[in-house]
Amino acid sequence: MDEIEQVDEQLSFWAQHRFLVLIGLTIVISLVLVAVGLVIYNVSGAAQLDLSRPDYKSVSSQVVDDVDIIDDYSSTGAINTVTITQFKELFDEQATSASAIDAFGGDPLDPEVLEYGQGDNQ
Amino acid sequence: MKSLTRIISLAIVGLFVAAVVTSPYAQAQAVLTDEQKEQIVTNCQSIKTIMNQLHISDALLRVNRGQLYESIATKLMDRFNGRLSSNNINTDAFSTITSSYRQVLTKFRSDYVLYEKQLSKALSIDCQKQPSEFNTAVESARTLRKTVHSDVTALNGSITSYQSTIDNFLESYQQATSGVGQ
Numbered sequence: 001m002d003e004i005e006q007v008d009e010q011l012s013f014w015a016q017h018r019f020l021v022l023i024g025l026t027i028v029i030s031l032v033l034v035a036v037g038l039v040i041y042n043v044s045g046a047a048q049l050d051l052s053r054p055d056y057k058s059v060s061s062q063v064v065d066d067v068d069i070i071d072d073y074s075s076t077g078a079i080n081t082v083t084i085t086q087f088k089e090l091f092d093e094q095a096t097s098a099s100a101i102d103a104f105g106g107d108p109l110d111p112e113v114l115e116y117g118q119g120d121n122q
Numbered sequence: 001m002k003s004l005t006r007i008i009s010l011a012i013v014g015l016f017v018a019a020v021v022t023s024p025y026a027q028a029q030a031v032l033t034d035e036q037k038e039q040i041v042t043n044c045q046s047i048k049t050i051m052n053q054l055h056i057s058d059a060l061l062r063v064n065r066g067q068l069y070e071s072i073a074t075k076l077m078d079r080f081n082g083r084l085s086s087n088n089i090n091t092d093a094f095s096t097i098t099s100s101y102r103q104v105l106t107k108f109r110s111d112y113v114l115y116e117k118q119l120s121k122a123l124s125i126d127c128q129k130q131p132s133e134f135n136t137a138v139e140s141a142r143t144l145r146k147t148v149h150s151d152v153t154a155l156n157g158s159i160t161s162y163q164s165t166i167d168n169f170l171e172s173y174q175q176a177t178s179g180v181g182q
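Read top to bottom, the protein sequences are chains A and B.
Okay, so the first sequence: first residue is 1 according to the numbering used here, each after it adds one.
Okay, so the second sequence: first residue is 1 according to the numbering used here, each after it adds one.
Hints were generated in silico from the structure; no laboratory data involved.
Yeah, the Cβ is synthetic: ideal placement off N, Cα and C, and Gly gets one too.
Treat the hints with care, as some may be off.
[To be verified] Short, incomplete list of chain B residues facing chain A, as computed with Cβ under 7 Å:
id, residue
1, R6
2, V41
3, S161
4, Q163
[What the hints assert, rightly or not] Calculated Cβ distances over 10 Å to all of chain B for the following chain A residues:
id, residue
5, F13
6, A15
7, L22
8, I23
9, Y56
10, V59
11, V64
12, I79
13, T81
14, K88
15, F91
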């Protein structure tokens with residue numbers, strides 16, 4: 001009888017608090033998953049590309065969307081002078097876009113540019 | 001018990017040494033003259049403003065360039081290579097360039113992440129209180145930005161090589177088909 005009473009007490013304790021345990025576990029699991037998501041967000045490089053961040057609000061509308069126009073060329077189909085020339089024109093157009101800007105060129109972090117003295121001071 | 005205590009002590013000392021060695025204060029710092037330090041302290045706000053603008057413009061540039069380079073790889077190179085393969089045409093020359101291009105593209109992405117993190121780190125340093133550390137961080141960011149630029153140059157080089165290969169292929173194809181037609 002004592003054993004049965006003890007088991008009854010244990011069951012009733014968990015029975016009384018199972019809702020709180022459920023809520024607590026849900027919160028803990030949610031926090032863990034959020035932490036995992038934040039780690040992935042930072043480690044994967046997505047943070048650097050996320051123009052919705054407050055810092056990048058001023059330029060978020062300047063993202064170019066017109067790369068979608070190069071959906072015209074299919075990976076299947078005939079190879080002949082016409083299709084090769086068609087591809088060449090598409091490719092040349094994008095190659096011109098790529099070389100039009102010297103991306104990350106110049107030296108904007110030169111101390112001379114940043115107004116604190118001579119460059120190459122190491 | 002003694003050996004366990006010794007192991008734990010060594011581990012604590014090792015962690016302490018590692019913490020000191022990897023501390024930003026332990027990194028080699030660029031030599032600054034007093035005049036340069038004074039200029040950094042005086043112009044701190046304007047320097048930070050310029051760097052913030054650079055941070056923002058580089059982020060936009062990265063997104064736009066990244067989209068373009070990725071589209072060239074997936075929507076053009078891969079599709080053309082696939083079409084050639086499906087027509088039983090040798091794609092070795094194209095595939096080699098495409099593979100090299102993708103490697104450089106991957107490197108470009110990872111190098112940009114390193115550069116952006118370093119630039120953010122430099123921006124977080126108080127240049128009025130820590131001009132030397134600030135200068136060191138800026139120099140590191142400068143080096144990393146040059147690495148990103150070299151990746152861009154390599155990507156453009158691969159694109160040019162692919163263009164040449166297309167031209168050569170078209171010429172060969174026209175010669176082969178005109179020879180067959182005769």
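**Prompt:** Going through the earlier hints one by one, which of them does the structure break, listed in rising order?
**Reply:** 1, 2, 3, 9, 10, 11, 12, 13, 14 and 15
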